[in-house]
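S.K.: Sequence:
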Amino acid sequence: MNKVFIVTVGEYSDYHIEAVFTDKSIADEFVIQFNNRNKSDYDKATVEEFPLDNPKDSWEVTLVWMKQDGTVISTRPGFNEELGLYHYDKRNDSILYVVATTDPIRAIKVTNEHRAQLIANNLWGKTYNDN
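Going by numbering that gives the first Met the number 0, the sequence shown opens with residue 0, and the numbers climb by one from there.
Bear in mind the hints are in silico, worked out from the structure with no lab data behind them.
This structure is a prediction, so every number in the text was calculated from the model and none was measured.
Take these hints with a grain of salt, some might be off.
Stated by the list, open to error - The list that follows gives simulated cross-link-like pairs (lysine-lysine, PhoX-like), each with its CA atoms no further than 25 angstroms apart:
(1) K23 to K38
(2) K89 to K108
(3) K2 to K43
(4) K108 to K66
(5) K125 to K89
(6) K43 to K23
(7) K43 to K108
(8) K108 to K125
(9) K89 to K66
(10) K2 to K23
(11) K66 to K125
What the hints assert, rightly or not - What follows is a list of derived Cβ distance ranges for each label pair:
(12) S24 to D68: 44 to 52 angstroms
(13) Y14 to S73: 23 to 31 angstroms
(14) K89 to N1: 43 to 51 angstroms
(15) K89 to R36: 45 to 53 angstroms
(16) S24 to K89: 51 to 59 angstroms
(17) H86 to Q32: 42 to 50 angstroms
Backbone N, C-alpha and C fix where the C-beta goes; we use that ideal spot for every residue, glycine too.
Let the sequences and hints guide you as you build the complete structure.
M.R.: Structure follows, in C-alpha coordinates:
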(Lines of atoms letter the chains of each structure in order from A; the text may use other names.)
(Lines give C-alpha, C1' and ligand atoms only; values in the text may rest on other atoms or scores of the structure.)
Protein backbone atom coordinates (compact mmCIF):
# COMPACT_ATOMS: atom_id res chain seq x y z
CA MET A 0 0.00 0.00 0.00
CA ASN A 1 1.30 3.46 -0.89
CA LYS A 2 1.94 5.89 1.91
CA VAL A 3 2.13 9.61 2.41
CA PHE A 4 4.32 11.31 5.01
CA ILE A 5 2.73 14.37 6.58
CA VAL A 6 4.76 16.88 8.55
CA THR A 7 2.67 18.33 11.38
CA VAL A 8 3.28 21.08 13.92
CA GLY A 9 1.43 22.26 17.03
CA GLU A 10 -1.19 20.87 19.36
CA TYR A 11 -4.97 21.12 19.79
CA SER A 12 -6.39 24.02 17.78
CA ASP A 13 -2.89 25.02 16.62
CA TYR A 14 -2.22 21.52 15.19
CA HIS A 15 -1.71 21.83 11.44
CA ILE A 16 -0.05 20.31 8.39
CA GLU A 17 3.19 21.98 7.39
CA ALA A 18 4.08 19.78 4.37
CA VAL A 19 3.24 16.47 2.65
CA PHE A 20 5.70 14.06 1.01
CA THR A 21 5.67 10.69 -0.70
CA ASP A 22 9.28 10.00 0.34
CA LYS A 23 9.99 9.54 4.07
CA SER A 24 13.63 10.58 3.78
CA ILE A 25 12.63 13.93 2.28
CA ALA A 26 10.01 14.42 5.01
CA ASP A 27 12.63 13.65 7.66
CA GLU A 28 15.04 16.16 6.12
CA PHE A 29 12.31 18.80 6.03
CA VAL A 30 11.64 18.20 9.77
CA ILE A 31 15.34 18.55 10.62
CA GLN A 32 15.62 21.86 8.76
CA PHE A 33 12.30 23.14 10.13
CA ASN A 34 13.21 22.29 13.73
CA ASN A 35 16.72 23.77 13.38
CA ARG A 36 15.20 27.09 12.31
CA ASN A 37 12.43 27.01 14.89
CA LYS A 38 13.91 26.79 18.40
CA SER A 39 10.57 26.65 20.25
CA ASP A 40 9.92 23.28 21.89
CA TYR A 41 6.18 23.82 21.37
CA ASP A 42 6.38 24.13 17.59
CA LYS A 43 8.54 21.10 16.80
CA ALA A 44 7.62 19.37 13.56
CA THR A 45 7.05 15.62 13.39
CA VAL A 46 6.39 13.16 10.57
CA GLU A 47 3.14 11.21 10.58
CA GLU A 48 2.66 8.28 8.21
CA PHE A 49 -0.68 7.55 6.55
CA PRO A 50 -1.76 4.99 3.94
CA LEU A 51 -3.12 6.30 0.64
CA ASP A 52 -6.46 5.09 -0.68
CA ASN A 53 -7.20 3.26 2.54
CA PRO A 54 -10.44 1.31 1.89
CA LYS A 55 -13.42 2.60 3.84
CA ASP A 56 -14.01 -0.72 5.59
CA SER A 57 -10.62 -0.43 7.28
CA TRP A 58 -11.14 3.08 8.68
CA GLU A 59 -10.66 3.01 12.40
CA VAL A 60 -12.14 5.56 14.76
CA THR A 61 -12.52 6.18 18.47
CA LEU A 62 -15.82 7.18 20.03
CA VAL A 63 -15.65 9.47 23.07
CA TRP A 64 -18.42 10.28 25.53
CA MET A 65 -17.66 13.41 27.55
CA LYS A 66 -19.49 15.54 30.13
CA GLN A 67 -19.65 19.34 30.02
CA ASP A 68 -16.92 19.65 32.67
CA GLY A 69 -14.54 17.55 30.52
CA THR A 70 -15.00 14.31 32.45
CA VAL A 71 -14.61 11.35 30.09
CA ILE A 72 -17.44 8.88 30.56
CA SER A 73 -15.96 6.32 28.20
CA THR A 74 -14.11 5.67 24.96
CA ARG A 75 -14.31 2.76 22.59
CA PRO A 76 -12.90 1.84 19.20
CA GLY A 77 -15.19 1.85 16.21
CA PHE A 78 -15.20 1.15 12.50
CA ASN A 79 -17.02 2.87 9.65
CA GLU A 80 -18.55 5.41 12.00
CA GLU A 81 -19.41 8.83 10.64
CA LEU A 82 -16.33 10.96 11.33
CA GLY A 83 -16.98 14.03 13.40
CA LEU A 84 -20.38 12.71 14.40
CA TYR A 85 -21.69 14.78 17.26
CA HIS A 86 -24.60 13.79 19.47
CA TYR A 87 -25.86 15.42 22.65
CA ASP A 88 -27.27 13.02 25.29
CA LYS A 89 -29.77 14.82 27.55
CA ARG A 90 -29.88 11.94 30.06
CA ASN A 91 -26.18 12.25 30.90
CA ASP A 92 -25.66 15.89 29.87
CA SER A 93 -22.84 14.61 27.69
CA ILE A 94 -21.66 14.52 24.09
CA LEU A 95 -20.56 11.69 21.84
CA TYR A 96 -17.88 12.59 19.32
CA VAL A 97 -16.26 10.33 16.69
CA VAL A 98 -12.56 10.94 15.97
CA ALA A 99 -10.47 9.44 13.15
CA THR A 100 -7.80 7.80 15.30
CA THR A 101 -7.11 4.58 17.16
CA ASP A 102 -5.37 6.52 19.94
CA PRO A 103 -7.87 7.18 22.75
CA ILE A 104 -5.71 9.95 24.24
CA ARG A 105 -5.70 11.86 20.95
CA ALA A 106 -9.46 11.22 20.58
CA ILE A 107 -10.07 12.68 24.06
CA LYS A 108 -7.99 15.78 23.19
CA VAL A 109 -9.96 16.34 19.97
CA THR A 110 -13.30 15.81 21.75
CA ASN A 111 -12.26 18.19 24.51
CA GLU A 112 -11.46 20.83 21.89
CA HIS A 113 -14.91 20.30 20.36
CA ARG A 114 -16.49 20.51 23.85
CA ALA A 115 -14.72 23.82 24.52
CA GLN A 116 -15.94 25.23 21.20
CA LEU A 117 -19.52 24.23 22.01
CA ILE A 118 -19.33 25.93 25.41
CA ALA A 119 -17.62 29.06 24.03
CA ASN A 120 -20.35 29.40 21.38
CA ASN A 121 -23.13 28.74 23.92
CA LEU A 122 -24.16 25.59 22.05
CA TRP A 123 -23.79 23.04 24.86
CA GLY A 124 -26.98 21.01 25.17
CA LYS A 125 -28.17 21.76 21.66
CA THR A 126 -28.30 19.35 18.78
CA TYR A 127 -27.48 20.35 15.23
CA ASN A 128 -31.23 20.44 14.54
CA ASP A 129 -31.69 23.06 17.30
CA ASN A 130 -29.39 25.57 15.58
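S.K.: Does each hint fit the structure? Answer for all of them.
M.R.: Results of checking the hints against the structure:
no., hint, result
1, K23 to K38, "23 angstroms, holds"
2, K89 to K108, "22 angstroms, holds"
3, K2 to K43, "22 angstroms, holds"
4, K108 to K66, "13 angstroms, holds"
5, K125 to K89, "9 angstroms, holds"
6, K43 to K23, "17 angstroms, holds"
7, K43 to K108, "19 angstroms, holds"
8, K108 to K125, "21 angstroms, holds"
9, K89 to K66, "11 angstroms, holds"
10, K2 to K23, "9 angstroms, holds"
11, K66 to K125, "14 angstroms, holds"
12, S24 to D68: 44 to 52 angstroms, "46 angstroms, holds"
13, Y14 to S73: 23 to 31 angstroms, "24 angstroms, holds"
14, K89 to N1: 43 to 51 angstroms, "45 angstroms, holds"
15, K89 to R36: 45 to 53 angstroms, "50 angstroms, holds"
16, S24 to K89: 51 to 59 angstroms, "52 angstroms, holds"
17, H86 to Q32: 42 to 50 angstroms, "43 angstroms, holds"
This entry satisfies every hint, going by the numbered hints stated previously.
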